[in-house]
Every structure is written in structure tokens, then in C-alpha cells.
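Taken in sequence, the protein lines are chains A and B.
Using the numbering used here, the first residue of the first sequence is number 1, and each one after it goes up by one.
Using the numbering used here, the first residue of the second sequence is number 1, and each one after it goes up by one.
Watch out, some of these pointers could steer you wrong.
[Stated by the list, open to error] When the alpha-carbon atoms are kept at most 30 Å apart in a straight line, the in silico DSS-like pairs for lysine-lysine are as follows: (1) B:Lys32 <-> A:Lys227; (2) A:Lys232 <-> B:Lys308; (3) A:Lys232 <-> B:Lys290; (4) B:Lys306 <-> A:Lys227.
For the record, the hints were derived by calculation from the structure and aren't laboratory data.
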Amino acid sequence: MKECEVVVLGGGPAGMAAAARAAGLGLNALLLDNRETLGGIPLQCVHPGFGVHYFGEDLTGTLFAYRLMEKVEKSGVETLLKAHVHSIEVEAYDEKLVNVITREGVLRLRTKAIIYATGARERTLFELGVPGGRPAGVFTAGEAQLLMDLYGVLPGKEIVIVGSGDVGLIMARRFALENAKVKAVVEIMPWPGGLMRNVVQCLMDFNIPLLLNHAVVGVVGRRRVEKVVVAKVDEELKPIEGTEFEIPCDTVVVAAGLRPNVDLLEKIGCSIDQATGGPIVNDLLETTIPGVFAAGNALVINDLVDYAAEQGERAAEGAKLFVENGGLQTTDWIPVSRGRNVRLAVPHYMCTERDATIYARVLRPEKNVFVEIPELQVRKYVAAVRPAEMLRLKLTREQLKQADGCDKITLTVVPRE
Amino acid sequence: MKIVVIGAGIVGVSIARVLSMYDGLDVTVIEKQADVGWGASKANTSIIHPGHEENPREHPLRSKLCVEGNRMWRTWVKELDIPARWPGELMVFTSSEEEREARRYVELAKLNGVTGVRVVYDRELRNLEPWVNPAATGAVYAPTAGTISPFEAVIAIAENAVENGVKLLTETEARRIIVKGGVVEGVETNRGFVEADVVVNAAGIHADEVSHSAGVEEEFRIRPRKGEYLIYDEDASVKPARILHTVPTPLTKGVYALTTVHGNLLVGPTAEDLPYEAKEDVSTTDKGLKLLSREASKLLKELPPKSKVVRTFAGLRPEPPKGQWLIRAYTDPWGFLNVAGIRSPGFTAAPAIASYVVQLIAETYDIQLRRREKWNPYRVGPTRVNGVGLDAVDSIIRKNPDYGEILCYCRMVSKAEVLEAVERMKTIGVKPTLDGVKFRVYAGLGKCQGSFCRWRVAAVLSQATGVPLYKVAVGAEPYAFGDVKVLLKGDPSASEGV
Ligand SMILES: Cc1cc2nc3c(=O)[nH]c(=O)nc-3n(C[C@H](O)[C@H](O)[C@H](O)COP(=O)(O)OP(=O)(O)OC[C@H]3O[C@@H](n4cnc5c(N)ncnc54)[C@H](O)[C@@H]3O)c2cc1C
Numbered sequence: 001m002k003e004c005e006v007v008v009l010g011g012g013p014a015g016m017a018a019a020a021r022a023a024g025l026g027l028n029a030l031l032l033d034n035r036e037t038l039g040g041i042p043l044q045c046v047h048p049g050f051g052v053h054y055f056g057e058d059l060t061g062t063l064f065a066y067r068l069m070e071k072v073e074k075s076g077v078e079t080l081l082k083a084h085v086h087s088i089e090v091e092a093y094d095e096k097l098v099n100v101i102t103r104e105g106v107l108r109l110r111t112k113a114i115i116y117a118t119g120a121r122e123r124t125l126f127e128l129g130v131p132g133g134r135p136a137g138v139f140t141a142g143e144a145q146l147l148m149d150l151y152g153v154l155p156g157k158e159i160v161i162v163g164s165g166d167v168g169l170i171m172a173r174r175f176a177l178e179n180a181k182v183k184a185v186v187e188i189m190p191w192p193g194g195l196m197r198n199v200v201q202c203l204m205d206f207n208i209p210l211l212l213n214h215a216v217v218g219v220v221g222r223r224r225v226e227k228v229v230v231a232k233v234d235e236e237l238k239p240i241e242g243t244e245f246e247i248p249c250d251t252v253v254v255a256a257g258l259r260p261n262v263d264l265l266e267k268i269g270c271s272i273d274q275a276t277g278g279p280i281v282n283d284l285l286e287t288t289i290p291g292v293f294a295a296g297n298a299l300v301i302n303d304l305v306d307y308a309a310e311q312g313e314r315a316a317e318g319a320k321l322f323v324e325n326g327g328l329q330t331t332d333w334i335p336v337s338r339g340r341n342v343r344l345a346v347p348h349y350m351c352t353e354r355d356a357t358i359y360a361r362v363l364r365p366e367k368n369v370f371v372e373i374p375e376l377q378v379r380k381y382v383a384a385v386r387p388a389e390m391l392r393l394k395l396t397r398e399q400l401k402q403a404d405g406c407d408k409i410t411l412t413v414v415p416r417e
Numbered sequence: 001m002k003i004v005v006i007g008a009g010i011v012g013v014s015i016a017r018v019l020s021m022y023d024g025l026d027v028t029v030i031e032k033q034a035d036v037g038w039g040a041s042k043a044n045t046s047i048i049h050p051g052h053e054e055n056p057r058e059h060p061l062r063s064k065l066c067v068e069g070n071r072m073w074r075t076w077v078k079e080l081d082i083p084a085r086w087p088g089e090l091m092v093f094t095s096s097e098e099e100r101e102a103r104r105y106v107e108l109a110k111l112n113g114v115t116g117v118r119v120v121y122d123r124e125l126r127n128l129e130p131w132v133n134p135a136a137t138g139a140v141y142a143p144t145a146g147t148i149s150p151f152e153a154v155i156a157i158a159e160n161a162v163e164n165g166v167k168l169l170t171e172t173e174a175r176r177i178i179v180k181g182g183v184v185e186g187v188e189t190n191r192g193f194v195e196a197d198v199v200v201n202a203a204g205i206h207a208d209e210v211s212h213s214a215g216v217e218e219e220f221r222i223r224p225r226k227g228e229y230l231i232y233d234e235d236a237s238v239k240p241a242r243i244l245h246t247v248p249t250p251l252t253k254g255v256y257a258l259t260t261v262h263g264n265l266l267v268g269p270t271a272e273d274l275p276y277e278a279k280e281d282v283s284t285t286d287k288g289l290k291l292l293s294r295e296a297s298k299l300l301k302e303l304p305p306k307s308k309v310v311r312t313f314a315g316l317r318p319e320p321p322k323g324q325w326l327i328r329a330y331t332d333p334w335g336f337l338n339v340a341g342i343r344s345p346g347f348t349a350a351p352a353i354a355s356y357v358v359q360l361i362a363e364t365y366d367i368q369l370r371r372r373e374k375w376n377p378y379r380v381g382p383t384r385v386n387g388v389g390l391d392a393v394d395s396i397i398r399k400n401p402d403y404g405e406i407l408c409y410c411r412m413v414s415k416a417e418v419l420e421a422v423e424r425m426k427t428i429g430v431k432p433t434l435d436g437v438k439f440r441v442y443a444g445l446g447k448c449q450g451s452f453c454r455w456r457v458a459a460v461l462s463q464a465t466g467v468p469l470y471k472v473a474v475g476a477e478p479y480a481f482g483d484v485k486v487l488l489k490g491d492p493s494a495s496e497g498v
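Pulled out of the complex, with its shape left as it was, chain A reads as follows (with noise of 0.2 Å):
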């Protein structure tokens, strides 16, 4: 059995900054990861876009990845590779079991607190309920991109992407930039799912199509992918009889969406909601399991790696509070919540006593808006929404004292006009 203050489970961004920000304010704390490295997802994206805001700087994923491990080996932290946990225990309040499955054995951990930070799994064509053949050649993105950029494997030549979201479109410029041929972007939604700049630079930069309104309804190929069938949708997203029809290719990526790894955090109890796929929190990014954080994708599927970081480090100094008032001392917990064209709004709860930040999505874009908490007198204006682009809300601990005496808080999105 070994002591700790905090583990942070997984080494990608969040559990890196975590893990970084929770050394420096004093706390014993242990970074684990299953992999052999640091880094997690990032390390395979040799793309840039990483840490504009958390670094200052436009890097590639790489590199991104490579300065946090600096960060994360200057804090003196701790930390165990290779390090699968098994389970979680919670015995009491301030004091849980992790165990850890590790080549030397079996490894407990007696901890007050956890940073979960295991970031997200991808969805499968079985999840988005494609019909069809499983022949070789279907491949997450996320699987066809660390084969290319971690192994030097080229995954597929003709390719059809499913989904337009910031993963599908990397990858389907990293495809066209090896000479494969990227056949077609196919996305469900009317809307891209990516970044604008993405659309443009991954996709018209490339002569790549982009198939909107459109879905994959099946998958052909006995042996290895021969081709997939397409058909335009309706309003309420469902294929159109009569409208289908195929693009040969020997390869489909699927790049429909993340969801957040929660596995562990369900098995304990924690409280998971429905909109972010995510655990409920509170404003230190607390679960409903008092001392275990969430940060990163594992809270909420973030768009911006930095925004993760910067979860990893609030739920540190949420562990630094915890560990130091034998627990979180805060009473009034003030729901935050959903407005008008508001999909999802994280964290949850909120207090008077602090900063904090809220990471809101929209439902659907809209031009010329107010991003609104009508409680606390905030309005920010912002030019267009996309359910793409995260909302990143700071909230000074002044602002939030006018929630005093509220029953909630409300996050909404309203018409310029």
C-alpha cells in the first residue's frame, strides 16, 4: 500500500497539467497512464492548432504534448507508465483505493483525492447503427491516425470519411497530404462539425467534398472494404428512401464524435449527465463523489486541447482544497442551468466564493447573439455560434455574488434584436 494526496489517472493534457499544477501547490500526487509515454492523444497529432491559449504559442500536438511532459518533469511529479487501474475503491470521504495493474504486480494506492482525466473514446459504426458488411478497412479516426503518425502505416488509399468534425477533417487532409484519395466527407448534420478555418484548410485547400445532410447507411466489402452507400437525410436526420447511392473506396475512417471515458467513474457512482456524456460537477470540477475530479475530455469533449489543460489545473486546486480543509467546505451549491439554444453547460453547480469558468455548447449556429447569465448581469456578444466552437465563459468572483440567494443560474443564448 502506497500514500498519496492525489492521482491523477491518465497522462494526456489534463492528467499532464493536473498532475504539474498539483505538485506545485505542495501536494504528494502520482500521475498514472497505460501507455508507455506521456502524452496521450496530442503525441499523434502532428497537426498544428495546440496551445494557443495555454502556451501562448500555435504548436503541433507533438510538441504540445512534449512541452507539458517538460512541464510535467520540472513539477517533480511522480509518475507510473505502463500503469493499467484495475479499480476504484472508495472507502470513506476523504480516503479511496486505486488499483493498479502494473508489470511489477498489483499496486494499491490508499488517496483523498483523484483527478480522473482519461480522456474519450471514439463512437463505431455500430454505435451510429450502420447497417452493412465488417470487412477489413473500417477504422476509427483516431486508430487510422496513430497507425500513420506513430507507426509509419498508410491505414487506406481510397478513403470515405464519416463525420465532419475537427477529427474528420485533419484526417482527411492528412490523408490527401500522403497522395491517398479522400473520396468524400460525409456529415449527417447541415453544418459542418469542425472549425471553420478547418473546412477550409483541410478540405477546400484539397478538393475534398464535402457531403452535407448526407449519411453512411452501409458498408459493402466481403473481404476488405469495396465501397459504402449514401443517402441524403431528412429534417429529423433520417435517410431518404430513394436517394441513396455508392462511392467505391477501400477504406472508411469514422470520426462520428467522442465520448467521455466514464467507465471507472460509473462503477463508483458518480453522477453522469446525459448532455456531455461526462460527470456532473461542481465548480472545482468535483464530482458527486466528494475528493474525485474530472478534467479534459473525460468532463466534456473539448474542441481546444488548452481548455482541457486549464480544466487539469482547476481540478488540482480543487484536490489542493479538498486534501487541505479535510474536504470542500462550500454549502450553497447554485445550479447552472440550460437556456435558449444551449446543448450543454459545464460544470453544474457553481459558487459565490470563487472564479470560475463555464464551458458551454449551442444546439445550433446562430449569427449575432448574446451569450447571457440574466442572474448575474453577464452578456457578452458574440458575432456567430457554432456547435463546433466551444463557449468559454470567466466569471469573476464579484459576478458570481449576485447569485446569491438565487435558486439557479441560467445560460442562454438570445438574439441580438
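Since the structure of chain A is already known, use the hints to place chain B with the ligand on it.
What follows is chain B with the ligand alone, placed relative to chain A:
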């Protein structure tokens, strides 16, 4: 005496195992796929049927072998360490019309000597099955029904047969039965001639073609009848305790909902007759999957959300004319047997079919069967990290640190397990593939469906077998194409270097 069995499905490997009990028989199983059990034996409902759904007047042999098979499996799963459970089956009815139909099976049970089959109502039904739909008025309860891990059953039997001297040739397709002067000489395959005194045709859905090549049963045609399935994640809360079944009607065959031995809710199958040529079409369809959700919600109180579906798949029933199994030994050509058209409940009956066929061989060709003294009935399943206590995990890691390296997160599968699977595959003469490993160690059967572990498992296979990563096979095809930097830019020599 040389015996060749064509097809390493459940029927073929069971026959091989029973043959291996006897002295003086030189048994070879030939299989066209890279692994055993990749036909109907992999994609089915996994039920060991009690035998109360077989009509002994129409199908006397099938009924007898089903009931016998159910009994034999209880020994076989123990000897061979095959995951199986015996929860019993409830054929659930919701109206008196359905009840009348369902009650026929109580009568069939009596005719077949299946014990314990009776009708249960309301409270008893809900006690037996808390997940049953409240609209259910009662059910026919058949306590002897079981569920098994079908792919592991085939693997276990194959391992045991090989241990007892059977030879397995994979990626070997029977093209023609060679007959001279009315006597079987052997089998022509894609890899050359295989000599045989007796050839047993257990080629599943292709058994009619094999039979025609031997010049018998020219009229006999096996048609594919597709069955589709939905399988839910193990963390979905809906886990029926029993095997639930809708009442079959002339229109639908009835759909099952059950918790597999691996802890997943399984719903299926559909029943769709395909054209004769579609013997490889195991694709799922939107229509089929929707029908399954509808039927399952008649059985269950609730169905998990669609997002909990971890996989959909389909299998092809080898449907013979009138559903009649064709088990016959021929004297012209001398030495040829058909064990063909073995549709449901073929899995259940397989051990009994095997014993019957071996007796048939002995009687028809006048062979004296002598039990071998050294026959080993046992096979031990692989070691697993998942599902054993922490102390046990710790102690196996201390013996072999590879158990401490987890490759598949969803199902908690270690590197040592993958390496053991590779060794076991090599031992029986099976080329290690990603699919083969998946079904042996469960890596990739969880909710991420391999997106986190497939490359890691592929890397271990690559290392263990010396095949470049991209060339590791998924099923029949390589995982990927080659070196990213050279492949599409025209330097083929460099693509080998990965
Ligand atoms: C949808 C569905 C649901 C079912 N549910 C159940 C159930 O719940 N319970 C039950 O008892 N039964 C069930 N069955 C029936 C059961 O699966 C089959 O009866 C059984 O698997 C048949 O086994 P087999 O060995 O004859 O065929 P297969 O498993 O198909 O094996 C035949 C093998 O022969 C090989 N082969 C074919 N041609 C050649 C050749 N020329 N040369 C070499 N090899 C060749 C094939 O590759 C294959 O591996 C179900 C079947 C289906 C399809």
C-alpha cells in the same frame, strides 16, 4: 485408416474429437478459412436447446440428437473448460392465441422426453425473470436450456482434438472429392491432394457443393437464411436472467433475448431467405436491426438505449430442403458421408451428431472401433486477468510480468493473454490473425470495439510472428497497406520495411 473431415465448424471439429477417441484412425480436418469456426458456428444465438421445439414426427433424428446433444454438452463444457451457463428458457406469450401456440411445445417436450417443461404464469414468471415485459401473461418454461460461448467451444474442441492426434489444415479448401472405381481416394484442395479412405462432408453452407463434387445428392441444395443480431455493451443494465423467446408464428421464427456468457445482452435472430448465390452475405440491414429492437421490446421490460449497441452481426443458416438434415453414409462412392444442411439446433446437437456419425462410419464401412487408452478428454482454457481477484492477478504477474501489461482496456486483456493465444493458435496450425486473437482473448469485444487496442495487439502479433505490422491479418485481409511515406509515391521496395 485415413479419415478426412471437411469443415472446422462445430460439426466438423466434434466429429474429429469423437474420432480421436479410437485407435488406428488417422484424422485430418481441412478448413478453407484461416481459423476454425468462422462459419455458422461463430454467428448464432448460442443456445443449447432443450429439444422441446423439435417435432419428432417430422424430424425424428434431429429431435433425438438435439435432446442427446443437450445432455452431452454438460460433460463436454466441463472437460473442455468452455464458458457456458444453464439458465433455462422462457417462451413468453402475451395473449391466449399465443398461449395456445406456445402450449404445443409442452406436448412436444413430452414426446421428446424433455423433462421439466411447463407453463408458468404471473408471479412465478416474474420471479423467474424480473426483466420480462409486464404485458406477458405467462411463458413456457424449459429449465434445461443453456447458453454457450460458440466460438470458444469450436476452439476448445479443436485444441482437444489436435492434442489427441488430429491434424488440422487451415486455408485449405476442398475443391473436389476424388473417386475411383466407386471408391473415395481423397480430396483435391487448393493446396494439393489429400488422401483419404473416408471423407466426411461437414462443410456447412457449402456442403451441397462438396456433395455434388462427389457425385451424390445432385438435387440437394442448401439455401442461406440470414439471421441478424444486436449485441449490447456489458455495462448496459438490462440483463435477463433467463433465455427469453417470443412465440414462433408461421410468419416469424421468434426472437431471443439473453445474457451471453460474456455478460452482454444479445438480441436476435431475424430470419430472411437469401438467394442461393448469397452464401457469403453476412451484412446486417436497417430493416433487420429495427425488427430486432421491436421484437425485443415485446420480451423485455425495457431495452438499453441504442447507443449501448456495441456490435451488430449476421450469420447464415444452412437451410436444407424441408429443414431436413442430411446425415448419410454412401456405399457409392464407398467412403463418402454427408453431414449436411445442419441448421438449428445444429450447435446443440453437434456432440450427438458426432457420436452418431462415428457409429455410422463404423457400421457402414465395417470398422472395429477400439477406444484408445491414452485419449485425453481434458483441455484447459486460457488464463485471464479479468474476473479474477486482485491477489490472483498479482500472483500471475509475479510469475509472468506480461500479465501486468494491459492492452485492451474495455475487457482488461493483457499482453500475456495475447501471446498465449498466439501460441495456442500455432499449436493447432492456425495463423494468428487479429480476429482469431479477438475471439480467444476478447480484446476488442468491448465498447471501443478495438479502436484503442487493435494496433497494440497487432504490434504484439507482428513481434511474435515476424510479420510487419501492416501485414498482420484482420480476418482474411491485411490490417493496412504499407509504409506511409513511400507507398503512394512509387517506391514499392521500401514498403516492406515497416
Ligand atoms: C442465425 C443462426 C442462429 C443459430 N442459432 C442456434 C442456436 O441457438 N442453437 C443451436 O443449437 N444452433 C443454432 N444455429 C445452428 C448452428 O449454428 C449450426 O447448425 C452449426 O453451427 C452448423 O455447424 P457446421 O459445422 O455444420 O457449419 P459451419 O459452422 O458453417 O462450418 C462449416 C465449415 O466448413 C468450412 N468449409 C466450407 N466449405 C469448405 C470447403 N470446400 N473446404 C474446406 N472447408 C470448407 C467453412 O469455412 C466452415 O468453417 C444457428 C444458426 C444460425 C445461422
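How the hints compare with the structure:
1. This hinted pair checks out: B:Lys32 and A:Lys227 have alpha carbons roughly 25 Å apart, not beyond 30 Å.
2. As the CA atoms of A:Lys232 and B:Lys308 are separated by approximately 25 Å, the hinted pair is consistent with the 30 Å bound.
3. For the proposed pair A:Lys232 and B:Lys290, the alpha carbon gap of about 19 Å is at most 30 Å, so the pair holds.
4. About 25 Å separates the Cα atoms of B:Lys306 and A:Lys227, which keeps this hinted pair within 30 Å; it holds.
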